[in-house]
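K.L.:
What follows is the residue order along each chain.
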Amino acid sequence: MTSGLFGFYTAQRSLMLNQAAINVINTNVSNINTEGYSRQRLEISQESVVATSASNPLIAAQSGLGAVIDSISRNRDAYIDNSYRTAYSNYSYSNELADNVGLIEDITNGLSNSGLGVALDEFYTAAQQLSQNPTDTVTRTNFVQRTINVATEFNYISNQLTDLKTNLVGDISDTNTLDVSKISLGCDDLNNKLAVIAELNSTISFSTTQGSTPNSLLDNRDKLLDQISEYIPVTVSAGPNNTVNISLGGTDLVTGSTQVGSFKYELKDTSLAGNWTTNPPVVKIQDPNGRDVLNDVSSKITSGKLGAILDVTGSDINKPSINNMFDSLNLLANEFATQINSIQMYNEPDMEDDGITPTGTTTQAMCINKTATTPTLKEATHKIFLNQDTEATSDDTKITAANIRVNNAIISDPTEVAAARINYTTATGATAANIQGTGDGSNALLIAQFENKALSNLNNTTTEKYLNSVTSNFGVQVRDVQDKLDSNDTILQQISLKRESASGVNLDEEYTDLIKFQRSYEASARIFNVVNEIMQKIVTLGNS
Amino acid sequence: MSYMRITTKLLNDNVINSLFTNRSKLNDLQEQLSTGKKVSKPSDDPNASINILSAKLSLDQVERYTTNIENALSELDIADESILSTVDVVQRAKELAVQASNATNGATEFSAIKSEIDQLIEQVKDAANTKFGSKYIFGGVITEIPPYSEDADGNITYNGTPSTSNYQRKTEISENITVDTNVTGDSIFGQYVEGDTTKQTGLIGTLKNLSNDLGSSPPDYDGIKASLDDLDSDLTTLLNAQANMGGTMSRLEMTKTKMENDEITYTKFRSEAEDIDLAKTISDISYQETALQVSLKVGAKAIQSSIFDYM
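Note that the protein sequences, when read in sequence, are chains A and B.
Going by the working numbering, 263 is the number at position 263 of the first sequence; the sequence numbering is gapless.
Going by the working numbering, 1280 is the number at position 280 of the second sequence; the sequence numbering is gapless.
Fair warning: there could be bad hints in the mix.
[As the list claims (entries may be wrong)] Here are the simulated SDA-like pairs of lysine to any residue, each with C-alpha atoms no more than 25 Å apart in a straight line:
id, chain 1, residue 1, chain 2, residue 2
1, B, Lys1041, A, Lys223
2, A, Lys498, B, Leu1019
3, B, Lys1131, A, Lys516
4, B, Lys1009, A, Ile343
5, A, Lys453, A, Pro288
6, A, Lys223, B, Ser1134
7, B, Lys1025, B, Ser1058
8, B, Lys1009, A, Asp513
9, B, Lys1037, A, Lys223
10, B, Lys1258, A, Pro375
11, A, Lys370, B, Lys1009
12, B, Lys1199, B, Glu1175
13, A, Lys223, B, Ile1016
14, A, Lys453, B, Arg1023
15, A, Lys516, B, Asp1126
16, A, Lys223, B, Asp1013
17, A, Lys453, A, Pro375
18, B, Lys1094, B, Ser1058
19, B, Lys1041, A, Ile343
20, A, Lys484, A, Ile317
21, A, Lys484, B, Phe1020
22, B, Lys1170, A, Glu122
23, B, Lys1125, A, Pro375
24, A, Lys300, A, Pro288
25, B, Lys1170, B, Lys1041
These are computed hints drawn from the structure, not numbers from a lab.
Treat the numbers as computed from the prediction; the structure is a model and nothing was measured.
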């Protein structure tokens, strides 16, 4: 037979248990909008003791002892968490990539009414006008202005792309920019988060060995793991005492309470000067002493924000990247400039039909001989395009989109543009100077007709068609990235939904539970009263 | 029975998601309506943008060639007028030559006829020095110097590019097709250099000789009579040049018409790829508006309903 007083304890435990349950509901309701919060549940079980007397059926059945709190658990599904993180990595990759390729597309937009396409169009129009009016000063000046315009457009696009690249991965010639690049800041943020997780692991492990379940710490750690998967695709595995281990492609980052690997973005070989091809900056994993564990982890960062940054600044020809766009533009700028220059500087002895025997005449591109008293021509001596402002040591084979310039000699004197192409007899020792025919626009016509010339270096297409194909091919790639973003977004939403469904708080449910435990509390109080009354009865039994 | 646990946050997120989706679709459509274009970036519709870009390229070229043709036509028109006025000169010269070959003329009459012929020579010279804008049109590629100059001895020489040379001013009228837009003066007007019969050619040569024949004392009747034949052949030269020019002009006109047709074709092609179908977009917008209203209404209902309303 149990003690009569025991009823008090059972009722008291019940009151406390219901209060605790209401407290858990309180916590759930207050955290309804907290990101990363998992709904908590009070795990209750029957109180039991080891049977001491088989003769007492009440004790033998282990009944009448009430209920106890086992634990306060989290509604969390590790499998969904893992799927969520993979999906989040993929989504973040697509999102970051879509943002950046969208910027590149804006910079190189061929459909708008400004930009390189329009500049080329106006250039060819100006060349046609020049071919018809080679002696007109206004036409000449206009032609030179349109030429400058083409160079400026190339420079502008190139600068914009360079700025974008510098923001993402820094400028190779200035190591300070590497440290403030988006990828380096991402590495710093990752390191902070990994350090916090290591600390959390330590606290969680301690609490767990003390027998408690540190739900809020676990929630915090899960939130951090989500945030890490925004940057890189990590593998999370469970360790002892509720700790987690984090690794990237087989390389450990956090083991228990120590952060064994941290990210560092710097030159592949810091003892040498930076160079995009031979010594580029890379993402490294270093141990706590700053020694390289892995010199280049680019190949392991296949998704997440960092993966997107590496791809958009990389050189994979199958992926849309700044470098690919640069290559196309440089090719176009170089081909355009050298070809126009070769028309401007044309000077070839004429040959008989056999192609070997000189005819004694020379065909030469000519510009206006300004110093002569009568309108005459002279040989063209200045290239139109250079890789710098002045001719001194210029080499037009090195022209790129970034350095293409119009020769200052041409800008300051538009009569230097060779609009005429004349053949003259060389046999009699005649020179090219003082030849009549300023109205000849045949060289300018050749510049205008260059528009329709298919160039082998540009995939056998013309300058403008090449530009169009670059723009539209990039458009196809951007579309592809956006479609992928849409599908990754849908997948992420679905998994979020599942996770929210498992771990989120539902007010209706909490309210129902609240009422349940409130009633339960009321009932326990009533039982307490009844036990109390019984006790009073027992105490006053002898007084009657 | 299995069910999905719908949490309060999930409900809110769903409502917000569907509102955002509908709003952004509506926004896209409204942007299309305000710009009139359904493609503003290549990635909006890569296939359409390839068409748009190539149509734009062709349209730019058509525009260029059309301008070229119009310029060439204007220049040829001016040249045509000059030659036409010269034809009148030849007719008048013939009348004068016939009149001069009449033996009843006295010295006064010959002098009057000679001075009119001299006037006609000036007229021919002026016509040959016609300018289009700032350039002399009958001098080949030498456009800044008057093609004909007269020295103190009365020699009228041609300074332009000779008709036998390769230099003609060319105009591109469609891809890689060029036409010569000039007629060199020496082939139609000729020239005159005293004492050098190889340089006494064409109309100017004939008129100059006629003037000399009239001026000599006594007038050279044989020369005057011979000049009638020369004038006839000069007239033929002029008419031939005019016919040639007429041929070029009609070719230009035909190419221009073709360019205009091309322009319509390419514009239509571009418009089909780029422009919105107004009726479709407007009906899409009203559909999308309805969808937005539905999601607003459903959302409001879904968020509102809670167990608190019933307790």
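K.L.:
If a hint holds in the structure, say so; if it does not, say that too.
P.N.:
Against the structure, the hints come out as follows:
no.: 1; hint: Lys1041(B) <-> Lys223(A); result: violated (37 Å)
no.: 2; hint: Lys498(A) <-> Leu1019(B); result: holds (21 Å)
no.: 3; hint: Lys1131(B) <-> Lys516(A); result: violated (106 Å)
no.: 4; hint: Lys1009(B) <-> Ile343(A); result: violated (69 Å)
no.: 5; hint: Lys453(A) <-> Pro288(A); result: violated (60 Å)
no.: 6; hint: Lys223(A) <-> Ser1134(B); result: violated (78 Å)
no.: 7; hint: Lys1025(B) <-> Ser1058(B); result: violated (33 Å)
no.: 8; hint: Lys1009(B) <-> Asp513(A); result: holds (18 Å)
no.: 9; hint: Lys1037(B) <-> Lys223(A); result: violated (44 Å)
no.: 10; hint: Lys1258(B) <-> Pro375(A); result: violated (38 Å)
no.: 11; hint: Lys370(A) <-> Lys1009(B); result: violated (80 Å)
no.: 12; hint: Lys1199(B) <-> Glu1175(B); result: violated (40 Å)
no.: 13; hint: Lys223(A) <-> Ile1016(B); result: holds (22 Å)
no.: 14; hint: Lys453(A) <-> Arg1023(B); result: violated (48 Å)
no.: 15; hint: Lys516(A) <-> Asp1126(B); result: violated (115 Å)
no.: 16; hint: Lys223(A) <-> Asp1013(B); result: holds (19 Å)
no.: 17; hint: Lys453(A) <-> Pro375(A); result: violated (32 Å)
no.: 18; hint: Lys1094(B) <-> Ser1058(B); result: violated (53 Å)
no.: 19; hint: Lys1041(B) <-> Ile343(A); result: violated (35 Å)
no.: 20; hint: Lys484(A) <-> Ile317(A); result: holds (18 Å)
no.: 21; hint: Lys484(A) <-> Phe1020(B); result: holds (19 Å)
no.: 22; hint: Lys1170(B) <-> Glu122(A); result: holds (20 Å)
no.: 23; hint: Lys1125(B) <-> Pro375(A); result: holds (21 Å)
no.: 24; hint: Lys300(A) <-> Pro288(A); result: holds (20 Å)
no.: 25; hint: Lys1170(B) <-> Lys1041(B); result: violated (39 Å)
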